[in-house]
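Protein chains: 2
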Amino acid sequence: MKLAIVGYGNLGKSLEKEIDKRTDLMLTAIYSRRTLDNGRYRPLQSIATTHDFDVALLALGSYNDIAEYATTFAQLDTVDSFDTHAKIADYKKAVGDVKKDSLSIISTGWDPGLLSLARATFGIGGGESVTLWGEGVSQGHSNAIRSIRGVIDAVQFTRPKPNADERISNGERNSAKLHDRICYVACIEADKQRIKREIVTMPDYFADYDTEVIFTTPNEVRQLKQRTAHRGQVVTVGDGFYVKTDVRLDCNTDYTAKIMLAYAEALPRLKTDGYRGALDVFDIPLKYLVDRPLI
Amino acid sequence: MKLAIVGYGNLGKSLEKEIDKRTDLMLTAIYSRRTLDNGRYRPLQSIATTHDFDVALLALGSYNDIAEYATTFAQLDTVDSFDTHAKIADYKKAVGDVKKDSLSIISTGWDPGLLSLARATFGIGGGESVTLWGEGVSQGHSNAIRSIRGVIDAVQFTRPKPNADERISNGERNSAKLHDRICYVACIEADKQRIKREIVTMPDYFADYDTEVIFTTPNEVRQLKQRTAHRGQVVTVGDGFYVKTDVRLDCNTDYTAKIMLAYAEALPRLKTDGYRGALDVFDIPLKYLVDRPLI
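Which chain is which? The protein sequence lines are Y and G, in order.
To convert, note that position 136 of the first sequence is 153 in our numbering; the numbers rise steadily by one, no gaps.
To convert, note that position 142 of the second sequence is 159 in our numbering; the numbers rise steadily by one, no gaps.
Bound-form chain Y, shown alone (with noise of 0.2 Å):
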C-alpha cells in the first residue's frame, strides 16, 4: 500500500516513522507549505496532479481553511485526525459534500477517535460518560497562552483532580470540575502580573477551570515540551453497572499515526464495498478493523 503524509510537524513526523517500520507499507511523498529538508518532500500545490499514492494521510496544524481542503484534496482518499470537537459535523459535511469518487476517514485518532467508541460503546447499556484526559499536555490550550503578548514560550498540562473518580461517582459531569490546568509560561519579570491575570480568566480556556500558572525558563518550557505522554479516561456511569476505560500512551501523536495507519489500510476495503464520501469512526463496523472473527 502505497501512503502520502500531507503536513510535516509532530504527527506528520509520526506518521513517517511508523511506516517506516512497516514492511507492508511504502511512503512515496511528504507534502508540504514548507521547503523541508527531506527526501520525499514535493511541494503541497503538486498533489493535485499526482496519483502514486492510494491515501493520503493529512496531518496539517489546522484543517480551518474547508473551502481549500475541498479544492485540494476532493479527488483524493484521505484519513485524517481532526480533533475540534465542536465543528467536527461541519467538517465532515464540508468534506462529504465534495467527494464524489474518494472517500475519507476523519476523525481518526485516540479522541476523537477510539475513546469516541468507548463511550458509544459502553453507552449502549444505557450510560452516561464523562473523559478525563490527562495528565498531558493540552496543545490548543499552550497555544492558547503563547498568543499573549508578552509570553516568550509556554506549555499547560491538564491532569484529572485527585479526586475526580469520587466527584463522578457523586454526579458531577462537567469537566472544568474535574480537571486542573497547569500552566508553564517563560516571560520577563515584568509581565508576569498581567500575563497570569490574562490566563486565568481567558473565557473557554482556564476561566472555569482551576488553573495554576508557574513562571519558568524558555529552557525548562522547552524541556517540559518533550513530555509526549497522555492518558485519557472514559468513565460511564449507568443503572447497575460503572465502566472505566483508561488509555496511557507514551507518544500521543505516534498512538494517533499508529491509528490513522489501521483506517488506512481499511480504506480500500471499505471502497471495494462501495462506500464514499466522508465516514466517522461511528460509521465504519469493526469487521474492516479486525482481521479475525468476532472475538
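Please note that the accuracy of each hint is not assured.
Chain copies aren't distinguished; within one or between two, either way the pair holds.
[Unchecked claim] For lysine-lysine, the following DSS-like pairs were computed, each having C-alpha atoms within a straight-line distance of at most 25 Å:
{"no.": "1", "residue 1": "K30", "residue 2": "K19"}
{"no.": "2", "residue 1": "K104", "residue 2": "K304"}
{"no.": "3", "residue 1": "K116", "residue 2": "K213"}
{"no.": "4", "residue 1": "K261", "residue 2": "K178"}
{"no.": "5", "residue 1": "K242", "residue 2": "K19"}
{"no.": "6", "residue 1": "K178", "residue 2": "K213"}
Because the hints were derived from the structure by calculation, they are not lab data.
Based on these hints, arrange chain G on the given structure of chain Y.
Okay, now just chain G, sitting in the frame of chain Y:
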C-alpha cells in the same frame, strides 16, 4: 416497539423486567417450552405462526440445536446473546443461511458483545488483548460440577489472580494462568474425595487452572448463587500504549438484557438500510447504537 421473549430463565426474567421499565417498549408475549405461570406466556411452538411483535429476544438456555433454530425462527427478526465463543462462527453461518428477508443480531451482551468491541477498538493501534473475568459466577462451569455424580448442588466463582496485571505485563497471555476457580459444592461426606478429584482433573474446565473446592451445605450454595455481580477487564498492551477496560456490573443478566434491548431497537433501522441475514457486533456501525453524531 413490540417485543417477544423466547425462554424464561434468568435472562428471560431480566428482559421482562427491563422492558417493563420502559414506556417505549411493549412486551407482547413470553414463549417457552415449559408452561409458565405468567399472563404473557405462550407455547413456543406457536411462535412461527404469530406476527404481533417486531423483534424476538432469544433467551434460551441453549442454542445448540441449530436445526431447530433454523426451522422455528427463520422468518423472525431476532436478537440473541449466544455466548459459546468457539461456536460463534458456525452459529452465525447457520443463522445467516436461513434468513432471507429477516435479520438476526447474534452474540450481543457484555462478553461476547461489548468486550468484543473493546478488544477490537483497542486492537486498532496494534495491541494484543487479554481478558480477565470476575469475580463472578461462571454458569457453564457451575453446570459442569453439577453434572458430576453425587453432587447435590454447586456454584463456581471465577476471579483474576491477585497479581494478574503484573503477569500480563510480564507477557502472560494464558487465561488459565491468570484466573483462579473457586467451587462451592454440596454433597454427602462419603463422596467428597472422589468429587474433588473429578473436579480438579476435569479437562478444558478445571485441569489447567488453580482450582479450589470448598464443601458446604445446599443452603449456602443456594445463597451464593444469588451473587449476581460480575466483572470483566480487557487489558490491551501495544507498542507505546496500555489500555484497560474495566466493566463492573451488579447483575450479569440485567446488563445483558439492557444490551440486547439496545440492539433490538437498532434492528428496524438496520433493516431499513438493507441489512439482512446474521450480523454480529463487528458488522454493525456504532451510529446505529448512538443517538448523536461522533462524540
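Point to revise | 25 Å Cα threshold - placement of K178 relative to K261 | key: both (16 Å within a copy, 20 Å between copies)
Exercise for review: Please work out whether the CA atoms of K104 and K304 approach to 25 Å or closer within one copy, between two copies, in both situations, or in neither?
Suggested key: Classified as between; 18 Å across copies, 28 Å inside a copy.
Exercise for review: First find the shortest C-alpha distance between K30 and K19 inside one copy, then the shortest across copies, and answer within, between, both or neither for a cut-off of 25 Å.
Suggested key: within (17 Å within a copy, 54 Å between copies)
Point to revise | Up to 25 Å CA-CA - K213 versus K178, copy category | key: within (21 Å within a copy, 50 Å between copies)
Point to revise | K116 and K213: within-copy, between-copy, both or neither at 25 Å Cα | key: neither (46 Å within a copy, 66 Å between copies)
Review point. Between the shortest in-copy and the shortest cross-copy C-alpha distance, which are at most 25 Å for K242 and K19: within, between, both, or neither?
Key: Neither: 32 Å inside a copy, 57 Å across copies.
Hint violations for this structure: numbers 3 and 5, all remaining hints satisfied.
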